[in-house]
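Visitor: Place chain B with the ligands on chain A using the hints.
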Amino acid sequence: MLDNQAKPLVRVDGLKMYFPIYRGILRRKVGDVKAVDDISFDIFEGETLGLVGESGCGKSSAGRAILRLYDVTAGSIRIDGTEISHLQGDDLRRLRPQMQMIFQDPQASLNPRMTVASIIAEPLDEHQKLSRKARMMRVFELMDAVGLNRDFANRFPHEFSGGQRQRIGIARALALNPKFIVCDEPIAALDVSIQAQVVNLLEDLQEKFGLTYLFISHDLSMVRHLATRVAVMYLGKVVELASREQMYADPRHPYTQALLSAVPEPDPSVENKRERIILQGDVPSPSRPPPGCNFSTRCPQVMDICRREVPDFIQLADGRHVACHLTSQ
Amino acid sequence: MPDGAPPILDVTGLKTVFTTRSGEVHAVNSVTFDLAPGELLGVVGESGSGKSVTMMSLIGLLPMPPAEIRGGSVMFEGRDILKMNPDELRAIRGSRIGFVFQDPMTSLNPVFSVGFQIMEPLRTHMGLNKREARARAIELLELVGIPDADSRLSNFPHQFSGGMRQRVMIAIALACDPKVLIADEPTTALDVTIQAQILELVRELRQKLGMAIIWITHDLGVIAGIADRVMVMYGGQIVEQAPVRELFACPQHPYTRALLETLPHVTGGRSRRLRTIEGQPPALRDQPSACPFAARCRHVLDICHRKNPHITRLNGSHDVACFWDAAKDGLRDAG
Ligand SMILES: Nc1ncnc2c1ncn2[C@@H]1O[C@H](COP(=O)(O)OP(=O)(O)O)[C@@H](O)[C@H]1O
Ligand SMILES: Nc1ncnc2c1ncn2[C@@H]1O[C@H](COP(=O)(O)OP(=O)(O)O)[C@@H](O)[C@H]1O
Ligand SMILES: [Mg+2]
Ligand SMILES: [Mg+2]
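Chains as they are written, first to last, in our numbering: chain A, 1 to 329; chain B, 1 to 335.
Isolated chain A, as found in the complex:
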């Protein structure tokens, strides 16, 4: 675990990211998709915070809001002490180099008409004035760092495999020496045998450059491998935030328990013995969350209070945070 000296690099407090829903010919606003609905956590310097949860629970929206790729609805985001939640224009642009993103689909996030070198150099061109030679040196340095052969500098993205394309995306994200990187499902589109290559690379780079990651994933086994702490989201809210050890050995929120029990283990002797919690039904729509706790419609341990009152996100004696009436009683 992290010692007490660990310093938060990113502090998210009460963050909300709502997307308005418009209807009719007058495009009147009829409601909001509450993609992120009041989440708070810190990310310590040099750590990897895993952000997990099922599709549509708001992971990407949270990651993008934290990097200010969106105008946020409410809340505070501090990066290295600077409040960025309401910065605009040049003020925000100046901070961009510090915080970068690696996307799920390397295919869609790389311009097919640009060479690998120009893709990697794009952020350099935008933020730094380098000589031709210095620029090329930097590109080669980055290609070395992510394990891409320098000979490929003038090739195009489609000439690469999925794993190699993800390396191109990672090199570009590293170009401006960021401190903080949001990795949004960076291995979800890759084959198992390629996933480990990319994960090891991310770990090596973290060590080498002292990077801090928000690692978004629906793969709970990979998050267990990578993350120091884990935040579990359900329908726009963080329901549990704990150290990796606490989260996997002793999950407290009924949703975390169900989620973990649903992950199939590649071992028949474990699979045959495991207790499964099978949740009924589907996740409600984030534009119409239920009253009370968002998980109350599927929770196997639901109580009356859960259907009326939103549980607070409170810290337990062991240091973790949970939003559940069962633990707050």
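Do not take every clue at face value.
[As the list claims (entries may be wrong)] If you anchor each label on the Cβ, the simulated ranges turn out as follows:
id, chain 1, residue 1, chain 2, residue 2, range
1, B, Gln-159, A, Ser-55, 16 to 26 Å
2, B, Arg-275, A, Ala-74, 42 to 52 Å
3, A, Thr-327, B, Gln-159, 35 to 45 Å
[To be verified] To list a few chain B residues with every Cβ distance to chain A over 10 Å, as calculated:
id, residue
4, Leu-108
5, Cys-297
6, His-299
Hint data in this document are derived by calculation from the structure and do not stem from the laboratory. Glycine included, each C-beta is placed from N, C-alpha and C at the ideal position.
Guide: Here is chain B with the ligands on its own, set in the frame of chain A:
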């Protein structure tokens, strides 16, 4: 599984080649396997290893051209499916052999109600009248755990969630009481909690209906939980095949071994660093003349670059296609 019962499906030497503008793709190379009645055969392998093309070949679902089946036989109920005419094939598909694909939205027709799509095969294949078909459709939706089945019949596919649509697909596949169900990555697009619901449903259905199932996935965890036997594919070939416990406990092929080592777990020990399989899968441009895994193999021997190993039986029920012998860490004795 009933040992020794004759297989319900018997595939021998299946070869499928695509002709593309940039040359041939040898997608399936001499694939041989069988399926016992009531058995759940898991098929694993990374994308492009030939899982889907194998299954589509054996029931005539591939567009020809570009595909061409260059050899093999698929015996089902005493007849070779590869020799059947299109009408006979259609009669078998969707009645004797059912299918479920990864993305229900591409296989469900968006303009017809779900009820119509379940009732259609019942009327054409089983000759039920409208009333009987409707009753059976309701029964099927209830069987796959869709609440208010009666009123959901008139709903369209987009009115169902992803997990519910996959249940509808399973209901359609089961409509005519098939002997074999082929499920191609049926839970890959679903979230884990929804996947857990579908896996639970399949366990129940097997108990109730007893059909044989071929379940394709790239997720070894899913296989560990539901399969009786596992077939591992790589580069268009079966590289290993064994009962599920045996395969996970004593994997023989270096690819299977590496794959199992590279996977992180949610329980048990946690390794500091993941083991990787360096390199890329093969391009399948030609008929294989060497082991398809040789370039990435930790135990590669000289011979592996010159010859493609045949799949051979190690013991009662475990087959492997590899020159390397795990037990002696060297060349396998010619058996
Ligand atoms: N730009 C957007 N406009 C409207 N709704 C959005 C937008 N982005 C995401 N959403 C909605 O917000 C919710 C959360 O989405 P997302 O953050 O992508 O979830 P996750 O990454 O966990 O799968 C979903 O219901 C999604 O449809
Ligand atoms: N229509 C097609 N034309 C050309 N090649 C194809 C076609 N369909 C599949 N292939 C090739 O056949 C091989 C096996 O594909 P597939 O069976 O879909 O793999 P899997 O299901 O294991 O992911 C791949 O190399 C794929 O590119
Ligand atoms: Mg996302
Ligand atoms: Mg496939």
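Visitor: Give a verdict on every hint.
Guide: Each hint tested on the structure:
1. B:Gln-159 with A:Ser-55: 16 to 26 Å: 19 Å, holds
2. B:Arg-275 with A:Ala-74: 42 to 52 Å: 44 Å, holds
3. A:Thr-327 with B:Gln-159: 35 to 45 Å: 37 Å, holds
4. Leu-108: 17 Å, holds
5. Cys-297: About 12 Å separates B:Cys-297 from the closest Cβ of chain A, which puts it past 10 Å; holds.
6. His-299: 16 Å, holds
The earlier numbered hints are all upheld by this structure, with none contradicted.
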